[in-house]
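Listed below are the residues making up each chain.
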Amino acid sequence: EDQVTQSPEALRLQEGESSSLNCSYTVSGLRGLFWYRQDPGKGPEFLFTLYSAGEEKEKERLKATLTKKESFLHITAPKPEDSATYLCAVQPFSSNAGGTSYGKLTFGQGTILTVHP
Amino acid sequence: EAQVTQNPRYLITVTGKKLTVTCSQNMNHEYMSWYRQDPGLGLRQIYYSMNVEVTDKGDVPEGYKVSRKEKRNFPLILESPSPNQTSLYFCASTSRGPNSPLHFGNGTRLTVT
Numbered sequence: 001e002d003q004v005t006q007s008p009e010a011l012r013l014q015e016g017e018s019s020s021l022n023c024s025y026t027v028s029g030l031r032g033l034f035w036y037r038q039d040p041g042k043g044p045e046f047l048f049t050l051y052s053a054g055e056e057k058e059k060e061r062l063k064a065t066l067t068k069k070e071s072f073l074h075i076t077a078p079k080p081e082d083s084a085t086y087l088c089a090v091q092p093f094s095s096n097a098g099g100t101s102y103g104k105l106t107f108g109q110g111t112i113l114t115v116h117p
Numbered sequence: 001e002a003q004v005t006q007n008p009r010y011l012i013t014v015t016g017k018k019l020t021v022t023c024s025q026n027m028n029h030e031y032m033s034w035y036r037q038d039p040g041l042g043l044r045q046i047y048y049s050m051n052v053e054v055t056d057k058g059d060v061p062e063g064y065k066v067s068r069k070e071k072r073n074f075p076l077i078l079e080s081p082s083p084n085q086t087s088l089y090f091c092a093s094t095s096r097g098p099n100s101p102l103h104f105g106n107g108t109r110l111t112v113t
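Residue numbers (the numbering used here), protein chains in the order written: chain B, 1 to 117; chain X, 1 to 113.
Think of the hints as simulated: they come from the structure by calculation, not from any bench. Errors might be hidden in some of the hints.
Said to hold, decoys possible - If you want the footprint, here are the derived chain B segments under chain X, 3+ residues with CB under 8 Å:
no. : segment
1   : 12 to 20
2   : 73 to 86
Stated by the list, open to error - Pairwise CB distance ranges, derived in the manner of DEER restraints:
no. : chain 1 : residue 1 : chain 2 : residue 2 : range
3   : B       : Pro80     : X       : Glu79     : 43 to 51 Å
4   : B       : Pro117    : X       : Ser67     : 15 to 23 Å
5   : X       : Ser80     : B       : Lys68     : 41 to 49 Å
6   : B       : Gly29     : X       : Thr5      : 31 to 39 Å
7   : X       : Thr86     : B       : Pro40     : 44 to 52 Å
8   : B       : Glu17     : X       : Ser67     : 28 to 36 Å
9   : X       : Glu1      : B       : Ser7      : 32 to 40 Å
10  : X       : Asn84     : B       : Pro80     : 33 to 41 Å
What the hints assert, rightly or not - Derived pair list, reagent style BS3-like, types lysine-lysine, alpha-carbon separation capped at 27 Å:
no. : chain 1 : residue 1 : chain 2 : residue 2
11  : B       : Lys69     : B       : Lys59
12  : X       : Lys18     : B       : Lys59
13  : X       : Lys65     : B       : Lys42
14  : X       : Lys69     : X       : Lys57
15  : X       : Lys65     : X       : Lys18
16  : B       : Lys42     : B       : Lys63
17  : B       : Lys63     : B       : Lys79
18  : B       : Lys57     : B       : Lys69
19  : B       : Lys68     : B       : Lys57
20  : B       : Lys79     : B       : Lys59
21  : X       : Lys65     : B       : Lys68
22  : B       : Lys59     : X       : Lys65
Positions of the beta carbon are idealized from the N, C-alpha and C atoms, including for glycine.
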């Protein structure tokens with residue numbers, strides 16, 4: 001069974017104080033690891049997809065990295081507008097010819113990030 | 001604008017009164033799915049659909065029904081809602097392309113009393 005564990009559950013930072021969020025996963029075969037941002041009262045918003053160990057992706061103050069067992073979301077010099085819940089999810093390779101897993105994601109419980117001015 | 005639209009955003013109902021939550025996407029995506037989000041449990045998949053007239057159970061399908069008569073629409077049906085179905089529901093869609101992420105709607109907050 002695919003599992004995703006995110007830590008910490010909550011993180012409070014001062015503006016400009018860099019840090020990292022962790023996503024540990026177990027999956028039979030990783031097709032992709034996704035990071036999403038979720039603001040209160042809204043649906044998850046796509047940030048990154050990582051496909052293989054060693055891959056890195058960046059977007060503004062965010063940088064996602066991937067190893068064979070975990071992914072990190074590094075936040076450099078965060079601003080208050082970066083406050084949100086960050087979700088990690090894994091997508092397995094399909095185990096059948098129908099390819100039914102290509103849309104199925106297993107999510108972690110998220111990290112609630114609060115950045116104080 | 002590419003989007004997934006859910007309605008209603010908020011719904012309060014009583015036990016046993018049938019309800020439908022609608023979902024529509026304008027991206028011509030083959031795959032659509034419903035998730036529920038609960039504190040401490042994260043997002044869990046209820047049902048999904050690979051294409052028109054093709055649906056299957058996700059991880060927590062009990063008490064729910066879906067249909068996919070048109071490519072753009074994927075309604076979630078609760079025939080006899082119960083209080084344990086009080087939750088935040090999200091519809092999502094994606095295409096089969098290798099770099100296509102799951103796109104989410106803005107959610108429907110359902111309360112069953």
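Here's how the hints hold up against the structure:
Residues of the segment 12 to 20 of chain B lying with their CB closer than 8 Å to a CB of chain X number 0, which falls below the three-residue condition for coverage. Against chain X, the segment 73 to 86 of chain B contributes 0 residues with a C-beta closer than 8 Å to a partner C-beta. That does not satisfy the three-residue criterion, and the hint is violated. For the hinted restraint 43 to 51 Å between proline 80(B) and glutamate 79(X), the CB-CB distance of approximately 44 Å keeps it satisfied. Here the CB-CB span from proline 117(B) to serine 67(X) is close to 48 Å, at odds with the stated 15 to 23 Å.
The hinted window of 41 to 49 Å between serine 80(X) and lysine 68(B) holds, with their beta carbons roughly 45 Å apart. Look at glycine 29(B) against threonine 5(X): about 34 Å separates their beta carbons, and that is inside 31 to 39 Å. Taken as a hint, the range 44 to 52 Å is violated for the pair threonine 86(X) and proline 40(B), whose Cβ atoms sit roughly 18 Å apart. For the pair glutamate 17(B) and serine 67(X), the beta carbons lie near 49 Å from each other, so the given range of 28 to 36 Å is not met.
Distance hint check for glutamate 1(X) and serine 7(B): the Cβ-Cβ separation is about 35 Å, which falls inside the suggested range of 32 to 40 Å. Our hint of 33 to 41 Å for asparagine 84(X) and proline 80(B) holds, since their Cβ atoms are close to 36 Å apart. Under the criterion of a C-alpha separation no larger than 27 Å, the hint pairing lysine 69(B) with lysine 59(B) is consistent with the structure, at around 22 Å. At most 27 Å may separate the alpha-carbon atoms for a hinted pair to count; lysine 18(X) and lysine 59(B) exceed this at roughly 44 Å.
Annotation: proposed proximity of lysine 65(X) to lysine 42(B) holds, straight-line Cα distance about 24 Å (limit 27 Å). About 17 Å separates the Cα atoms of lysine 69(X) and lysine 57(X), which keeps this hinted pair within 27 Å; it holds. Our distance criterion of 27 Å between C-alpha atoms is met by lysine 65(X) and lysine 18(X), whose separation comes to about 11 Å. For the hint pairing lysine 42(B) with lysine 63(B), the CA-to-CA distance comes to about 23 Å; that is within 27 Å, so the pair holds.
Restraint check: the Cα-Cα separation between lysine 63(B) and lysine 79(B) comes to about 15 Å, which is no more than 27 Å; the hinted pair holds. As the CA atoms of lysine 57(B) and lysine 69(B) are separated by approximately 17 Å, the hinted pair is consistent with the 27 Å bound. The hinted pair formed by lysine 68(B) and lysine 57(B) meets the criterion: a straight-line CA distance of about 16 Å does not exceed 27 Å. Between lysine 79(B) and lysine 59(B) the CA atoms are separated by roughly 14 Å; this keeps the pair inside 27 Å, and the hint holds.
For a cut-off of 27 Å, the pair hint linking lysine 65(X) to lysine 68(B) is broken: about 37 Å separates their Cα positions. The suggested pairing of lysine 59(B) with lysine 65(X) is violated, with an alpha-carbon distance near 38 Å, which exceeds 27 Å.
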